[in-house]
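*Asks:* Once you have looked at the hints, place chain D on chain S.
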Amino acid sequence: MTIQNTSAALAEMNLTRHCPLVTCDQKVKRGERIATASAPGLGDIHAPSAGTVEHVDPYRVRLALDHGETVGPEVLDGLSGPELLARLRTLGADVPACDQVDTLIINAMDEEPGLLSRRTLLAERLELLKAGAEALVRGFVPVDVVLAVPGSVRESLPDMEVRVLPDQYPQALDPLVAKAVTGIEMPDNTLVVGLETVFHAGLIMDTGLPVMETMVTVGNSSRLIPLGTPVGEILSTDGETIRDGDRIVLGGVLRGTAAASPGQGVDRLTTAVSLTRNPAPVAVDAACVGCGECVRRCPARLDPSMITSYAEFGQYAKAEAEAVDACFECGLCGFFCIARRPMLQYIRLAKRELAKAKAQSGEETQP
Amino acid sequence: MKPLNPFALTVSVPPHRHCGTTVRDRMVMILMAMLPAAVMAAMTFGMPAVRVMALSMAAAVLAEMACDYFMDRETDVHDFNAFTVGLSFAFLLPASAPWWLVAFGSAASIVLGKMVFGPLGGSPFCAPLIGWAVCRISWPAYMDVNASMLATDLTYPLAQLKSFGLDAVRIMDTRQLFLGKQLGGLGAVQIAGVLLGGLLLVMRKHISSIIPVGVIGGTTLTAFIFHWLDPSIYASPAFHLLTGSTLFGAFFLATDGPSSPNRQVPMLLYGLMTGALIIIIRTFGVYPDGVPFAILLANLFTPVLERIRPKPFGRR
Chain S
1 MTIQNTSAAL AEMNLTRHCP LVTCDQKVKR GERIATASAP GLGDIHAPSA
51 GTVEHVDPYR VRLALDHGET VGPEVLDGLS GPELLARLRT LGADVPACDQ
101 VDTLIINAMD EEPGLLSRRT LLAERLELLK AGAEALVRGF VPVDVVLAVP
151 GSVRESLPDM EVRVLPDQYP QALDPLVAKA VTGIEMPDNT LVVGLETVFH
201 AGLIMDTGLP VMETMVTVGN SSRLIPLGTP VGEILSTDGE TIRDGDRIVL
251 GGVLRGTAAA SPGQGVDRLT TAVSLTRNPA PVAVDAACVG CGECVRRCPA
301 RLDPSMITSY AEFGQYAKAE AEAVDACFEC GLCGFFCIAR RPMLQYIRLA
351 KRELAKAKAQ SGEETQP
Chain D
368 MKPLNPFALT VSVPPHRHCG TTVRDRMVMI LMAMLPAAVM AAMTFGMPAV
418 RVMALSMAAA VLAEMACDYF MDRETDVHDF NAFTVGLSFA FLLPASAPWW
468 LVAFGSAASI VLGKMVFGPL GGSPFCAPLI GWAVCRISWP AYMDVNASML
518 ATDLTYPLAQ LKSFGLDAVR IMDTRQLFLG KQLGGLGAVQ IAGVLLGGLL
568 LVMRKHISSI IPVGVIGGTT LTAFIFHWLD PSIYASPAFH LLTGSTLFGA
618 FFLATDGPSS PNRQVPMLLY GLMTGALIII IRTFGVYPDG VPFAILLANL
668 FTPVLERIRP KPFGRR
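Chains S and D, in that order, give the protein sequences. 245 is the number that our numbering gives to position 245 of the first sequence; each next residue is one higher, with no gaps. 481 is the number that our numbering gives to position 114 of the second sequence; each next residue is one higher, with no gaps.
Heads up, none of these hints are tricks.
Distance condition first, Cα-Cα at most 20 Å in a straight line; then the derived EDC-like pairs of lysine to aspartate or glutamate: (1) D/LYS678 x S/GLU329; (2) S/LYS351 x S/GLU312; (3) D/LYS678 x S/ASP188; (4) S/LYS29 x S/GLU54; (5) S/LYS318 x S/GLU329; (6) S/LYS318 x D/GLU673; (7) S/LYS179 x S/ASP144; (8) S/LYS27 x S/ASP44; (9) S/LYS356 x S/GLU329; (10) D/LYS678 x S/GLU320; (11) D/LYS678 x S/GLU185; (12) D/LYS572 x D/ASP392; (13) D/LYS529 x D/ASP511; (14) D/LYS548 x D/ASP511; (15) D/LYS678 x S/ASP325; (16) S/LYS130 x S/ASP159.
The following label-pair restraints were derived from C-beta to C-beta distances: (17) D/LYS678 x S/VAL143: 25 to 31 Å; (18) S/ALA317 x D/MET438: 28 to 34 Å; (19) D/VAL483 x S/GLN345: 28 to 34 Å.
Stretch by stretch, here's where chain S covers chain D in the computed footprint (C-beta under 8 Å, at least three residues): (20) 389-400; (21) 483-489; (22) 677-683.
Because the hints were derived from the structure by calculation, they are not lab data. Please read these numbers as outputs of a predicted model, since none were measured by experiment. Note that the Cβ used here is the ideal one computed from N, Cα and C, for glycine as well.
Okay, chain S solo, but in the shape it has when bound (with noise of 0.2 Å):
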């Protein structure tokens, strides 16, 4: 159900691949682990704050907040690397899954225009960022340690080669910064770490306690706000009234998701939250009108028309051959689509429905 009014006493907690450990009206102490991760690379979740549990479901737990009691700090001295990354996940860092790092890369560009949460850590967070860096240098054992960051910025962190790349999307994402750096296309045994992760685990690192606070871009200004916050509770702190119809964003224009309800929590990968009003979404239903924007536009140098135009018609293994999962879903060709067709959206339906193949066959012939 969709309600109006958010309570600022309240935390939704989002479960993407996790399973929840709690049951309706327990009690949970404030850092308590509430939702194991089911997918490698993946952080657990844990209460942001004491309180009861109010509702499970297989995608969310809300939390009835209330002051109450901490978890005890854990111990992280004398850990080996590999053991050091597995209690941070454990303490809800979600700290990607590679066993052989040659480069690591810790992306500080913010993704998306209009984000500025990672360029905040730097400014201000700079301390919990070098304990962050020095944990995932000491679990990963990397060669090379690059931080890549935007012109703007004149902040370092010690022990690595700082990388000043071009702020201009789409720039900042993952591969395309890989790919700055190392000068190879999907380079191997490289590693690219946002920065946010980073400080989750210098977060971990300093205080001994599991993930309860991420940075959120709010409006012109980015801060630290506690995990679960809802997210219309963000909005109506910066004095924002909202209205039937209107669509809040959860992270950049070009890729972040729509909230389903205002009382939807900030979850660790929120960079940023904000309102648009306008309510008719771009996206239409609409055939290609072969203009060949997209194809122009994109940097994965693919062929998005095509591939979307299969995916509209359910022809996955052709979508695939066209190479549909070098995407990296910068979003670019939506952005430029004349026509206003779904571009990602058709795209994540061929990936989603191809590894969802992949698996199915991959059951069958198992004995």
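*Replies:* Here is chain D on its own, set in the frame of chain S:
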């Protein structure tokens, strides 16, 4: 009872912002770019030209609406594509074209060049050229610019070149040709207006500059080779660029989205091929102006040219 307060957020897929250009904007822009040539055509040929252009656009729009009605589909006529097809077709006709020829050709452009392939974007051919080809082959006498425009003192340079050889066109003033003082397709020969509109489209990034550059380059290069081999028989590149529908084809017909390639190398090859075919048809073919058939032939090569593609990101 709780007060009813209907409230729902809009949920949509990304992107949440758009560059702002729609199909309709693009078509309006193309119409605007054709306006200078249309005005020049009205000044050169008078009301007959206006009659042909208006009739052609009306027939195109009505044909599209009729098709949509019979195909039981919601009409997209408000995207102005039928207007651009109708006007492009009119630009290729002599100002003296009889009403039934204009109406039939324009309707054929829409029905055979666009609607049979589904909505906009399905056609493998540039739509106005289909109507032109149908009319040119069915009623050659009425489509013959030279024979049907005896009333004016302007001449059709390409027919002069074909019938009487190079000496007949040597006296022609390049500036007069540039200003459209020649016979040919009524709008296509308004070289100054077409060039102005074409450059507007390129600068506003509604069409890529590669195809026009390719067509002009291909025409110039091929014409230069012939001219260099025997300057006493073959006309100069400038003559070929400034006569007939070379520039109109380069900027408005060859750049038609669905029927032309989208990547840089294929676009250049497609343009060069169109340009070379224009000169080859003009030199060896029976048609004085090779542009429409050159572009239709190049359209056929689009799927082959599209196979020239770079490796996707990260593939080795």
